[in-house]
Structure formats: C-alpha cells, structure tokens
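Student: Residues per chain are reported as follows:
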Amino acid sequence: DAGVTQSPTHLIKTRGQQVTLRCSPKSGHDTVSWYQQALGQGPQFIFQYYEEEERQRGNFPDRFSGHQFPNYSSELNVNALLLGDSALYLCASSTGGAGTEAFFGQGTRLTVV
Amino acid sequence: GIQVEQSPPDLILQEGANSTLRCNFSDSVNNLQWFHQNPWGQLINLFYIPSGTKQNGRLSATTVATERYSLLYISSSQTTDSGVYFCAVERSFKTIFGAGTRLFVKA
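Those protein sequence lines, which keep their order, are chains A and B. According to this note's numbering, the residues represented by the first sequence are 14 to 126, in order. According to this note's numbering, the residues represented by the second sequence are 10 to 116, in order.
None of these hints come from the bench; they were simulated from the model. Fair warning: there could be bad hints in the mix.
Far from chain A, by Cβ distances over 10 Å, these chain B residues were calculated [what the hints assert, rightly or not]:
id, residue
1, I21
2, L22
3, N33
4, D36
5, Q64
6, V73
7, S85
8, D90
9, V114
Once the Cα atoms are required to be at most 27 Å apart in a straight line, the calculated DSSO-like pairs of lysine-lysine come out as [stated by the list, open to error]:
id, chain 1, residue 1, chain 2, residue 2
10, A, K39, B, K63
11, B, K103, B, K63
12, A, K39, B, K103
In this text, a Cβ means the ideal position worked out from N, Cα and C, and glycines have one as well.
Let the sequences and hints guide you as you build the complete structure.
Tutor: If you want it as structure tokens, here you go:
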C-alpha cells in the first residue's frame, strides 16, 4: 500500500518565479491538505481540497493556489515567489469526513534565491 | 481561531528516562493527532486520539477533550526517540499544529 507521495523532493527557484508541487494521496483517501513549515516552526495549514474543490483555507495570500484532479491527486502552485516562501511543503491525505486521521508525505523542500 | 500550545518547548533526557509532553487547545475539536518528525522532515503518525487513552509499545497518549488537553508519555526513552513531537488538532476541516517539543535523548 503506497503512502502519500510528493514530488519533487527538493527544488530551487528564483525570486519572482512560479512553482508547482505535486502530491498523490494514500490509497483509499480522497482529501488532500497542504502545509508550509518554516525552519524551526510547526506546519501551517494552507488549504484543503475535497471533491476537486477548495473546502477550507488558512491565512495565506492568493499567490498560493491549488488543484485536485479526479484521481484525488493534487497540485500546489505558488506565484511570484518571495524569499520568505522558502520552506518545507507538506501534503497530507485523509478521507472526506471531519476529524479523520491524516497521513503525511515526505515533503518538498523549496529554496527561493 | 484555535490556539494549540505544547510544553515543554525543549527537553533533554538521559537514555532510559520517562517523560510527559503536554498539548493544550483552546476550543472543541474533531480530531487530535500526535506526530514525531524525523530529521529528514517526515511526520510519523504516533496516535490518532480525539479522546481516551491509547498505548503503542513504550508510548501512550491520553486526551481529555472536555478539559482541552492531551498528554504523550514516553517511557524508557531511547536515542532514536530524539526529534520533534507535534500535536495537531482539527476543526472545520482546518488542522492547527502546536509549535512542537524538541526532544534530545542522550546515550
């Protein structure tokens, strides 16, 4: 049983560029959530996708957008990258109901230079 | 929004010692999970525990939802227990993490 997989594992981008990160959920899961984790801090909730719609969003600007595909995989897009966007980006999958257990991928480490 | 506070922020133990990590949250939640983050950033599920008590080997956890706190117990600690422990709560499909407890176990 494949767990949550994210790609790429590492990425270096230049300030002002755009980036797309990808996530495949655990088998049987239909909900994907994205998080940003700065060095030394806890993960911060970006948004959650369910049934191809953004169901909930954290306190992140519109430069952060996402998409969920019919196979439940998801993308996180960040436009106009800032140095402060450098972080570990984590994806979690779960089933659609409230309060279900979430499982995390290994993360994508983004460095903006 | 919900506030999640973890204590202590840092903890140094001698191998074989026991410890208790605490997570307080400010409002009712649908879910509470404990994670261990390894040095490579992977979040490992320890417990899914919105209420009650669970045990898994040397680890156990208790959540008292009515009093809005959870405890993670580590017994007979090992060097491999080192890392950051996070508590995360979910309400209205939004998950909030605490700042974590950084544990170092000395040999």
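Student: Against this structure, judge whether each hint is valid.
Tutor: Structure-based check of all given hints:
With a cut of 10 Å on Cβ distances, B/I21 stays outside the contact zone with chain A, its closest approach being about 17 Å. At roughly 20 Å, the least C-beta separation between B/L22 and chain A is larger than 10 Å, which holds for a residue marked as non-interface. B/N33, annotated as away from the interface, keeps every beta carbon of chain A farther than 10 Å; the closest lies near 14 Å. Distance to chain A confirms B/D36 as a non-interface residue, since its nearest Cβ pair spans about 14 Å, more than 10 Å.
Separation of B/Q64 from chain A is adequate, the least Cβ-Cβ distance of about 17 Å exceeding the 10 Å criterion. No Cβ of chain A approaches the Cβ of B/V73 within 10 Å, the least distance being about 17 Å, so the stated non-interface status holds. For B/S85, the shortest C-beta to C-beta distance to chain A comes to about 26 Å, beyond the 10 Å cut-off, and the non-interface label holds. Distance check on B/D90: its Cβ is at least 19 Å (rounded) from any Cβ of chain A, clearing the 10 Å threshold; non-interface status holds.
Look at B/V114: its CB is around 20 Å from the nearest CB on chain A, clear of 10 Å, so calling it non-interface holds up. For the suggested pair A/K39 and B/K63, the alpha carbons sit about 24 Å apart, so the restraint of at most 27 Å is met. A C-alpha spacing of about 24 Å is found between B/K103 and B/K63, which places the hinted pair at or below 27 Å, so the restraint holds. The straight-line distance between the Cα atoms of A/K39 and B/K103 is roughly 19 Å, inside the 27 Å bound, and the hint therefore holds.
The structure agrees with every numbered hint stated previously.
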